[in-house]
Amino acid sequence: MFDVAYIRPNNLSEALDFLNAKGAESKILAGGTDIMVDLRSGTLNTRHLLDVSRLDDIKKIEVLDGKLSIGAAVTIAELLESETIAASAPALRRAADKFASKQIRNVATIGGNVAHCSPCGDTIPPLLIHQAQAVVANPQGQRNVTIEEMASGPYHCSLHPNELITHFILEPKPPEVDFADFQKIGRRQELAIARMSMAAMASKEDDDSISFLRFALGSCTPTPHRFYEIEDFLMGKIPTEDVLWQAGKILAEKMLDITGRRPSAIYKEPAIQGLFMRMMSPLIQ
Amino acid sequence: MKLEMITINFTINGENQQLDIPAGMTALELIRDKLELKGTKEGCGIGECGACTIIVDGRAVNACLMFAAQLDGREISTVESLDQADELDPIQEAFAKQHAVQCGFCTPGLLMSTHALLTEKSNPDRSEIVKAISGNLCRCTGYHSIIAAIEDAAKPQPKEDK
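Protein chains in written order, with this note's numbering: chain A, 1 to 285; chain B, 1 to 162.
It is worth saying that the hints were derived from the structure and are not from the lab. Incorrect hints may have been included.
Said to hold, decoys possible - Straight line, CA to CA, 30 Å or less: simulated DSSO-like cross-link-like pairs of lysine-lysine:
id, chain 1, residue 1, chain 2, residue 2
1, B, Lys2, B, Lys34
2, A, Lys59, A, Lys22
3, B, Lys131, A, Lys59
4, A, Lys204, A, Lys22
5, A, Lys98, B, Lys121
6, B, Lys38, B, Lys97
7, A, Lys27, B, Lys34
8, A, Lys98, A, Lys22
9, B, Lys38, B, Lys131
10, A, Lys59, B, Lys121
11, A, Lys60, B, Lys131
12, B, Lys97, B, Lys131
13, A, Lys237, A, Lys204
14, A, Lys59, A, Lys98
15, B, Lys121, A, Lys22
16, A, Lys67, A, Lys22
17, A, Lys98, B, Lys131
18, A, Lys98, B, Lys155
19, A, Lys249, A, Lys98
20, A, Lys60, B, Lys121
21, B, Lys2, A, Lys27
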């Protein structure tokens, strides 16, 4: 039992009016799977919970003008069940498949996963490789925020208290891309917080050289990032085992550049290379 | 401390309810403390163990991670809904037959995850079973007997003459 008020607006404008008046002492509630844990542990203290999970306007998955639009209140289970997601964002589908447990997938939302700004958010590396932007509504109108800009640090969301993510706009998978994946390492198979996560999509020319690649890393750095060095290194190359190990080594070095050589590096350095190989090895032909 | 109150309407185990509850009450507190349906258990309280699994609008969820307020307008089933007119549900029978219960604390949650799975898909394969119950921890059985029970429950049962 927590000492909070619960408000469920009937539409988006009611939600925004409420946030404009009381945003600073409110928390936006969608699935609640992070909020409840944070309230219980005492890391979150808030006066009002604004439940946006039933706003139909922010629950759609659709392709509009060649872009994939995903409502912020779409649940992880709905991502997993969507044929549009399977076709246009297969790495995101993979992440949804590996996300927490059935019970949590059924209520947790993509908007909540992004806005929580955990370095380990499973939907974030796939969103990064789709160059996703969050469309954020506020009393003045709306603005677009890239996924990179969303987190100003671990668990620190850069949005203002009167703002609400309504949906995400993704570049759909290009038709020639026939490889897309998301991989993570946790302490156990299910329900584990990712220690390390990554997403990629790629295509190859007839001569087997890589002609398209986007790669993003999660969990290992304070906020998830695209790793352009890996993309640049592999573009135009024929992905042999040797080339991929070299790319994995560059990835490990770049990660350590960002985090510094912490005690966990002795594990993370080989693990990140191994996970990279596991994910990318289907490209070897 | 005066708690903020709200009114919610919902259906639980087939029965309509309208209740005034504190806005910050969890679904688990509503079920166990207010409605006194003690079948749903609290294990970890943070969505890791699945002992509090209930079904909301056909989907398995953790009652500990939900506010009671979120149940407004929803249809809820708890483990008490399985046992109708003193007849065990086929899932319960299969758990008993396969000795899938030791201490029993995880059992209500596992029964509800199984119920949600079999409602969604009547003939799941082993990997689908494992995935569907991976949010339910059991520290006694090692899961083999649980998975065997779910496989049994999924099989069409031969009708016995009585």
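Against the structure, the hints:
no., hint, in the structure
1, Lys2/B x Lys34/B, "holds, 18 Å"
2, Lys59/A x Lys22/A, "holds, 24 Å"
3, Lys131/B x Lys59/A, "holds, 26 Å"
4, Lys204/A x Lys22/A, "violated, 52 Å"
5, Lys98/A x Lys121/B, "holds, 20 Å"
6, Lys38/B x Lys97/B, "holds, 24 Å"
7, Lys27/A x Lys34/B, "holds, 26 Å"
8, Lys98/A x Lys22/A, "violated, 36 Å"
9, Lys38/B x Lys131/B, "holds, 26 Å"
10, Lys59/A x Lys121/B, "holds, 25 Å"
11, Lys60/A x Lys131/B, "holds, 26 Å"
12, Lys97/B x Lys131/B, "holds, 22 Å"
13, Lys237/A x Lys204/A, "holds, 9 Å"
14, Lys59/A x Lys98/A, "holds, 21 Å"
15, Lys121/B x Lys22/A, "violated, 44 Å"
16, Lys67/A x Lys22/A, "violated, 33 Å"
17, Lys98/A x Lys131/B, "holds, 10 Å"
18, Lys98/A x Lys155/B, "holds, 27 Å"
19, Lys249/A x Lys98/A, "holds, 26 Å"
20, Lys60/A x Lys121/B, "holds, 25 Å"
21, Lys2/B x Lys27/A, "holds, 20 Å"
When each numbered hint is compared with the structure, violations occur for hints 4, 8, 15, 16.
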